[in-house]
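Chains as they are written, first to last, in this note's numbering: chain A, 1 to 387; chain Z, 388 to 814.
Among the clues, some could well be false.
Derived lysine-lysine pairs resembling PhoX-like cross-links, with alpha carbons at most 20 Å apart [to be verified]: (1) Lys574(Z) x Lys135(A); (2) Lys156(A) x Lys27(A); (3) Lys135(A) x Lys555(Z); (4) Lys135(A) x Lys552(Z).
No lab work stands behind these hints: they were computed from the structure. Remember, it's a predicted structure, so these values are computed and weren't measured experimentally.
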Amino acid sequence: MDNLKEIVARCEELAFDLSFTRAREWKSQGKDRVVVGHMPIYFPREIIHAANGLAVGILGGGDKKLIIKGDAYYQSYICHMPRSIIELALDRHFEDFDGFIFPSICDVIRNLSGMFQILGQGKFVKYLDFPQNFKSHVGGTFYRYELQTVLDEIFKLNGVAVTAERLNHSIGLFNLNRSLITQIYDLRQQFPWRMTAADLYHVVRAGYVIPVEEHNEILSSVLQLLSKENGAPMDKIRVLVMGAFCEQPPAGLIRTIELAGCYIVEDDFLLGARWIQGDVDTSTDDPLNAITEAYLVKSTFSSSVYDVGNPKEARLLKLIHERKVDGVIFAAPSFCDPALLDHPILQKECNDKQIRFISFLYSENTGQFKVIKEQVGTFSDSIKLWD
Amino acid sequence: MSKEVSKERSMIIQKEMITGLFKELSTAKETGKKVVYTFVPGNISELILSFGMLPVYPEINALQSGMRKKSSDYIREAEQHGHSEDVCTYVKCDVGMMLNGNIGPTGEKIPSPDLLLLSYTGCFTFLKWFETLERLYPGVPVALLHTPYQEAHKITPEMTAYMVKQLKEEVIPKMEQVSGNKYDEEKLKSILRNSSKVEESIIRIFDTTKHRPSPIDAYFAGVYYIGPINSGFRGTPEAVDYYSELYKEILERIDKKLGPITPEGEMEEERFRLVVEGPPNWTHFREFWKLFYDMGAVIVASSYTKVGGVYDMGFRVNPDKPLESLAEYCMNCYTNLNLQQRTELLSKCITDYHADGFLVNSIKSCNSFSAGQLMIMQQLERKLEIPTGFIESDLVDPRYFSYSNIKNRLESFFQMLEQRRMILTRQ
Ligand code: SF4
Ligand code: SF4
């Protein structure tokens, strides 16, 4: 594939393939292969890879899945994503999945893990309790134990022993994956007209459902293509979108923001793919420890992590400056406690530092963007006019 | 129904305890007593007490504001400060109260915290809440105690070890630093000895609903009964007295075959026995309760009374293993149980206390309780073939309490119970 348009089209198809065709195909090609679904935000997929597995990101049905049964499982004041995940489960979209990981990010995801247990989905369901203590021998020891529990579950299924060599190899592949994504983000923030944010979104999201080796090839091609000039800059403001780390905004919403006069130069849409900042050590005899340490000291900031001693507003400011952002768009899913409870803190900082922002709510199946388009358009115009 | 409500001795003791605590809090800055803000689920009040510090529970303040009809203004104020309409109203109520001078339920000012003890058990919003408080009280140290979730239906040794290490390396050093006192394990053990007596009494008290008529209401009155253990008294001699007195009074009621006491006196006829899941509404607490007792419905068990600790599945503190006990206590709180455990516990309550129906009061604010409740309902309906009912309200936001809606739903639910009873009698 040497054409950006083609690559993006293929990625879009992969990213929203709710039948998870590529993962099924991959699994059918080997007897001891396992497919493990994981919810947002972050999960160290390396460990599944090393156990001869494919970790598949489950990000809800978006605007592609009609909710019929899911609403009977959730009250109206709970975000949308879990009801579409339940709908997918009941409609057997996850039939070939061997297990599911629910990273600890909020009570809705936590309780969804219990619902999967009750529904008997997969051969194992693991709620992965990320530590909030960041000392190696306290939170680190516990996190390592949590990861080992996942590996033990997979070992029961396929008998594949995860050696240091295997795990180091897997870590290397995911290091490359993150590095390529980072390079694309860096390049795109310099030349945002070369690729739309929605296209980038599709390219990154495709990596949630295909083997990392294949995704790395795609990313390398994209990076090469982006290095060449393509298109021309337009008079748009540069924005950072924040709050969309779990339930994903519909692609139409991402497009709307850019069509309304913005370049999205930073976002937290698929934060899990960029969670670890930098490389995980691949040269140790104890790679599980390397993954653990990376979580403790190299994690990005997020609504799901308590930020004692490392205030998130300072980290947001740093990002704003690095990405030369003109304004911030706080876009969060309706009823998302983690994202919405952060907003007053982050918005106060923006106010204090005279950084312009707007905020709105969405849900993964929002279909009408007229109001948002007007709001973003006015925001962009006001910044262009006054700054 | 008799209209005379005479105060029982236990009620007087409880009132004195709570008033005394708030009085002590109001003079804490003068007396030099240090103040720790913390949460009800997983509240390690014994440890706080062992350092001679005073606990404050923002949730209790929020619920009290709800009962005193102040929450609406507080919530609006928080929303004006950028808080979303969609999030937990306890947080907003608390923020609003602080912005308005932090006046507590007794009209006295609640002192600012010297330590924020983020012992978060069973609810992620606690994390966000304290991130907000940390900014309202800059410079106040935060001690974080992460309670692992019982995702695999059990507490593993690794989970306990993780918590004990956090207690030793994070919580205790910060408490030592703030209080100026050294950790005294013997003192903690002796406090825990009282806790274990309290636990026994609590079990016995809530088990009296086995009787017909039930001598107590385990939800509406139950929330008063758990007041002392959830507001810092677990482990105190006052709590031991209070609960033994309360138990004695309940035994007398059983002897006399009396039903529960309601705000309008004794409930005379017990028509329906219910198990309720979910917190109550505080802004219209009396009206809400009245909808039940007017229909002769008594709550024989509720999950909400287990939010500050679940004792009916066998957990007891072991004073000889103080830190392990505190850890296990935290991990055993109701919302830290996984969905299947919650279903099993409710199922046990329905069976043990011979309930006629199961009711969910789904709280808009509270994902910790609410997400998954509909599935719990389905499971119980299927397993026990018991009629289930569903109502929605909020803890402290009066905008989400619709009296007529709740009344209509409850009436249909009671009708369903009545019909079922007739069918069962005929059979
Ligand atoms: S969108 Fe927010 S509330 Fe919903 S599951 Fe994700 S983090 Fe939780
Ligand atoms: S979400 Fe529920 S448990 Fe958590 S703070 Fe709010 S009311 Fe309490």
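Verification of the hints:
| no. | hint | in the structure |
| --- | --- | --- |
| 1 | Lys574(Z) x Lys135(A) | violated (28 Å) |
| 2 | Lys156(A) x Lys27(A) | holds (17 Å) |
| 3 | Lys135(A) x Lys555(Z) | holds (13 Å) |
| 4 | Lys135(A) x Lys552(Z) | holds (10 Å) |
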